[in-house]
Amino acid sequence: MSRRGGAVAWVFAAPALLVYVVFLVYPAVSSLWFSFTDWDGLSPTYHVVGLQNYTSMPSDPVVVQAAVNNLIWAVVTVVVPVVLGLALAVALNGKVRGKPLLRLVFYTPAVLPLVSVASIWGWLYNPQYGAINAFLRAVGLDSLAQPWLGQDSTALAATMVAAIWLRVGFPMLLYLAALQGIPQDLYEAATVDGATRWQRFWHITMPSLKAAHYVVIALSVIDSFKVFDLIYAMTYGGPGTATQVMGTWMYFNVFQYNQAGYGTAIAVVITLVAIVVSVPYVRSQTKEQTT
Amino acid sequence: MTIAPAAPATTVPETAVEVNRRPRGGIGATVLMTLAALVWISPLMLLVITALRPLADFVSHGPLSWPHSLTMHNFTQAWDIGNFATTYRNSTIVLVLKVPLGVFLSAMLAYALAKLRIRCGAAIMYTVFLGLTIPIYITIVPVFVMARSAGITDSLIGLIGPYLAFGIPFEVLVLQSFIRQIPDEIVEAARIDGAGAWRIFLTIILPLAAPALVTVLILDAVATWNEFLFALILLNSDAHKTIPVGLLNFQGQFSNNSTGLAAGILIAVVPILIAYTFLQRWIVGGLTAGAAKG
Numbered sequence: 000m001s002r003r004g005g006a007v008a009w010v011f012a013a014p015a016l017l018v019y020v021v022f023l024v025y026p027a028v029s030s031l032w033f034s035f036t037d038w039d040g041l042s043p044t045y046h047v048v049g050l051q052n053y054t055s056m057p058s059d060p061v062v063v064q065a066a067v068n069n070l071i072w073a074v075v076t077v078v079v080p081v082v083l084g085l086a087l088a089v090a091l092n093g094k095v096r097g098k099p100l101l102r103l104v105f106y107t108p109a110v111l112p113l114v115s116v117a118s119i120w121g122w123l124y125n126p127q128y129g130a131i132n133a134f135l136r137a138v139g140l141d142s143l144a145q146p147w148l149g150q151d152s153t154a155l156a157a158t159m160v161a162a163i164w165l166r167v168g169f170p171m172l173l174y175l176a177a178l179q180g181i182p183q184d185l186y187e188a189a190t191v192d193g194a195t196r197w198q199r200f201w202h203i204t205m206p207s208l209k210a211a212h213y214v215v216i217a218l219s220v221i222d223s224f225k226v227f228d229l230i231y232a233m234t235y236g237g238p239g240t241a242t243q244v245m246g247t248w249m250y251f252n253v254f255q256y257n258q259a260g261y262g263t264a265i266a267v268v269i270t271l272v273a274i275v276v277s278v279p280y281v282r283s284q285t286k287e288q289t290t
Numbered sequence: 000m001t002i003a004p005a006a007p008a009t010t011v012p013e014t015a016v017e018v019n020r021r022p023r024g025g026i027g028a029t030v031l032m033t034l035a036a037l038v039w040i041s042p043l044m045l046l047v048i049t050a051l052r053p054l055a056d057f058v059s060h061g062p063l064s065w066p067h068s069l070t071m072h073n074f075t076q077a078w079d080i081g082n083f084a085t086t087y088r089n090s091t092i093v094l095v096l097k098v099p100l101g102v103f104l105s106a107m108l109a110y111a112l113a114k115l116r117i118r119c120g121a122a123i124m125y126t127v128f129l130g131l132t133i134p135i136y137i138t139i140v141p142v143f144v145m146a147r148s149a150g151i152t153d154s155l156i157g158l159i160g161p162y163l164a165f166g167i168p169f170e171v172l173v174l175q176s177f178i179r180q181i182p183d184e185i186v187e188a189a190r191i192d193g194a195g196a197w198r199i200f201l202t203i204i205l206p207l208a209a210p211a212l213v214t215v216l217i218l219d220a221v222a223t224w225n226e227f228l229f230a231l232i233l234l235n236s237d238a239h240k241t242i243p244v245g246l247l248n249f250q251g252q253f254s255n256n257s258t259g260l261a262a263g264i265l266i267a268v269v270p271i272l273i274a275y276t277f278l279q280r281w282i283v284g285g286l287t288a289g290a291a292k293g
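The listed protein sequences correspond, in order, to chains A and B. Numbering of the first sequence is given in numbering that gives the first Met the number 0, commencing with residue 0 and proceeding in unit increments. Numbering of the second sequence is given in numbering that gives the first Met the number 0, commencing with residue 0 and proceeding in unit increments.
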């Protein structure tokens with residue numbers, strides 16, 4: 000069936016494409032334009048300042064801090080959930096009772112609004128009434144009780160714990176689906192040959208999950224660049240600027256400091272990084288769909 | 000890279016069945032996994048217990064104590080002060096206006112990409128998939144400017160366009176890969192019988208794609224219900240806030256009332272938790288199918 004749809008196909012495609020272009024593509028490109036201006040976000044006029052917003056970024060200590068935080072965030076909230084998710088998936092794929100319920104539990108945090116996750120963890124971390132400090136005091140570790148979100152040394156790590164809590168479920172589900180596709184006879188043959196459980200994992204499970212690793216890691220990395228809600232609702236970038244990431248610092252510049260031009264430049268930088276990192280994934284997926 | 004089971008109609012149930020089919024047993028692993036699950040769910044369990052106890056009981060006995068008495072007072076207090084009647088209504092309005100429309104438009108595009116051999120199909124798909132990687136905040140300044148010049152800031156209507164646009168990539172991704180697997184012979188037979196593209200879409204494609212449509216509807220509803228950033232920048236007045244933004248305000252007001260805060264958080268998440276518990280097989284199937292095949 001080589002006949003092309005022609006006009007009819009475009010009638011079906013047009014409405015969604017129109018919405019997509021007007022509310023996503025155009026704003027994204029338009030942000031690129033604003034990033035070359037000194038617009039404050041309110042005035043009717045502005046000047047084109049070329050690359051000034053970009054060249055002044057390295058001397059903004061908060062941008063540097065936000066970029067470092069984004070990097071730490073990307074590494075920790077990708078690696079830990081992926082490793083834990085894989086471990087849970089392998090365990091759930093083995094001889095365990097109550098699998099549907101266990102799977103339900105580990106994925107539950109992922110369906111909650113991020114603001115509510117932030118509220119829950121802010122509540123657990125509360126220095127005075129929080130359950131975490133109460134637990135530490137109860138087991139005699141009073142000296143470890145501290146204002147987790149209120150001090151530079153622990154605030155970022157504390158937000159990442161919340162992120163790990165909510166992000167373990169997704170890799171677990173994908174790995175579980177992939178594990179169920181590995182033929183059982185591979186394991187049976189290896190067992191007959193005397194392979195240990197560990198050898199079976201490294202020589203059968205891991206190679207068979209190659210495709211799953213790729214998808215899980217690509218999607219987790221893409222997701223990590225989008226971090227905004229959790230930080231905003233949990234620490235508001237603070238204390239001071241200790242937990243600022245590019246997304247929140249962009250927001251503060253635009254909506255608090257009236258520096259829309261500079262703010263969009265920050266967003267452009269992180270978006271370009273996200274796109275560059277994810278292009279191989281997008282390309283491979285498109286190719287797979289169309290061939 | 001097809002990780003999930005490939006047959007379209009069975010993708011979702013098969014995952015669930017597979018889990019049950021494996022041999023049972025493994026006491027050690029079961030105990031270990033149960034403990035891990037208890038740790039994982041403990042913040043939510045603690046939230047429920049705290050929300051049900053009087054504030055005085057919480058303050059005098061500490062957050063980890065067993066409640067001496069139970070009360071619903073926290074919920075009524077949080078419901079009123081948190082303005083939840085309004086935020087619930089607003090979130091529901093957005094959900095009803097946005098989700099069915101978004102899924103329908105995405106299904107149309109998916110049909111064009113999968114079955115109508117649209118010109119530049121690969122380029123369109125590439126552009127749409129790239130949307131999955133775009134952080135929302137790159138668009139907020141222009142979206143805010145557009146809403147202001149259209150006079151729809153602080154209006155729920157202003158959310159619909161951006162919400163539709165950011166939902167389209169994932170919806171199209173899942174739907175087109177599903178529709179692609181519908182045999183061409185069925186479509187061709189209908190065409191020979193004289194059915195037009197619309198008729199084929201409405202009477203053949205949509206019914207056959209029902210499992211994928213349900214999955215996408217649910218996932219899109221969850222994402223819409225939870226969306227925060229656009230709602231934060233576009234809505235100002237309390238009368239127009241959605242649940243995530245309302246919860247944020249509430250959190251600020253109740254920072255010294257732990258039991259009331261717990262009740263408010265629960266009020267905000269209970270519909271999602273209930274929906275997830277009953278619809279989880281669709282969510283799980285959709286996530287694995289979307290990620291693995293698209």
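Don't take each hint at face value.
Distance windows between CB atoms, simulated [claimed, not checked]: (1) A/Val278 with B/Arg116: 44 to 50 Å; (2) B/Leu63 with A/Tyr186: 30 to 36 Å; (3) B/Ile151 with A/Ser58: 23 to 29 Å; (4) A/Ala156 with B/Asp237: 42 to 48 Å; (5) B/Trp78 with A/Tyr186: 52 to 58 Å; (6) B/Ala55 with A/Pro57: 19 to 25 Å; (7) A/Gly149 with B/Gln252: 30 to 36 Å; (8) B/Arg280 with A/Leu17: 46 to 52 Å.
Far from chain A by the CB rule (all over 12 Å, computed), these chain B residues [as the list claims (entries may be wrong)]: (9) Pro53; (10) Thr75; (11) Ala84; (12) Thr85; (13) Ser90; (14) Asp192; (15) Pro206; (16) Ala209; (17) Ala222; (18) His239.
I should point out that these hints are in silico values taken from the structure, not numbers from a laboratory. Keep in mind that this is a model prediction, so the values were computed, not measured. Glycine residues also receive a C-beta, built at the ideal position from the N, C-alpha and C atoms.
Verification of the hints:
1. A/Val278 with B/Arg116: 44 to 50 Å: Given a distance of about 26 Å, which is not inside 44 to 50 Å, the answer is violated.
2. B/Leu63 with A/Tyr186: 30 to 36 Å: About 43 Å separates the Cβ atoms of B/Leu63 and A/Tyr186, which means 30 to 36 Å is violated.
3. B/Ile151 with A/Ser58: 23 to 29 Å: Check failed, 38 Å falls outside 23 to 29 Å.
4. A/Ala156 with B/Asp237: 42 to 48 Å: At 34 Å between Cβs, range violated.
5. B/Trp78 with A/Tyr186: 52 to 58 Å: holds, 53 Å
6. B/Ala55 with A/Pro57: 19 to 25 Å: The hint (19 to 25 Å, Cβ to Cβ) is violated, given that B/Ala55 and A/Pro57 are roughly 54 Å apart.
7. A/Gly149 with B/Gln252: 30 to 36 Å: With a Cβ separation near 19 Å, A/Gly149 and B/Gln252 fall outside 30 to 36 Å, so the hint is violated.
8. B/Arg280 with A/Leu17: 46 to 52 Å: Once the Cβ atoms are compared, 34 Å apart, the range 46 to 52 Å for A/Leu17 and B/Arg280 is violated.
9. Pro53: holds, 14 Å
10. Thr75: It holds; B/Thr75 is separated from chain A by about 19 Å at its closest Cβ, greater than 12 Å.
11. Ala84: The assertion about B/Ala84 holds, with a minimum of 18 Å to chain A.
12. Thr85: Correct as stated: the minimum Cβ-Cβ distance to chain A is 16 Å, above 12 Å.
13. Ser90: violated, 10 Å
14. Asp192: holds, 16 Å
15. Pro206: About 17 Å separates B/Pro206 from the closest Cβ of chain A, which puts it past 12 Å; holds.
16. Ala209: Non-interface label on B/Ala209 holds, nearest chain A Cβ at 18 Å vs cutoff 12 Å.
17. Ala222: Given that some Cβ of chain A is not farther than 12 Å from that of B/Ala222, nearest at about 10 Å, it is violated.
18. His239: holds, 17 Å
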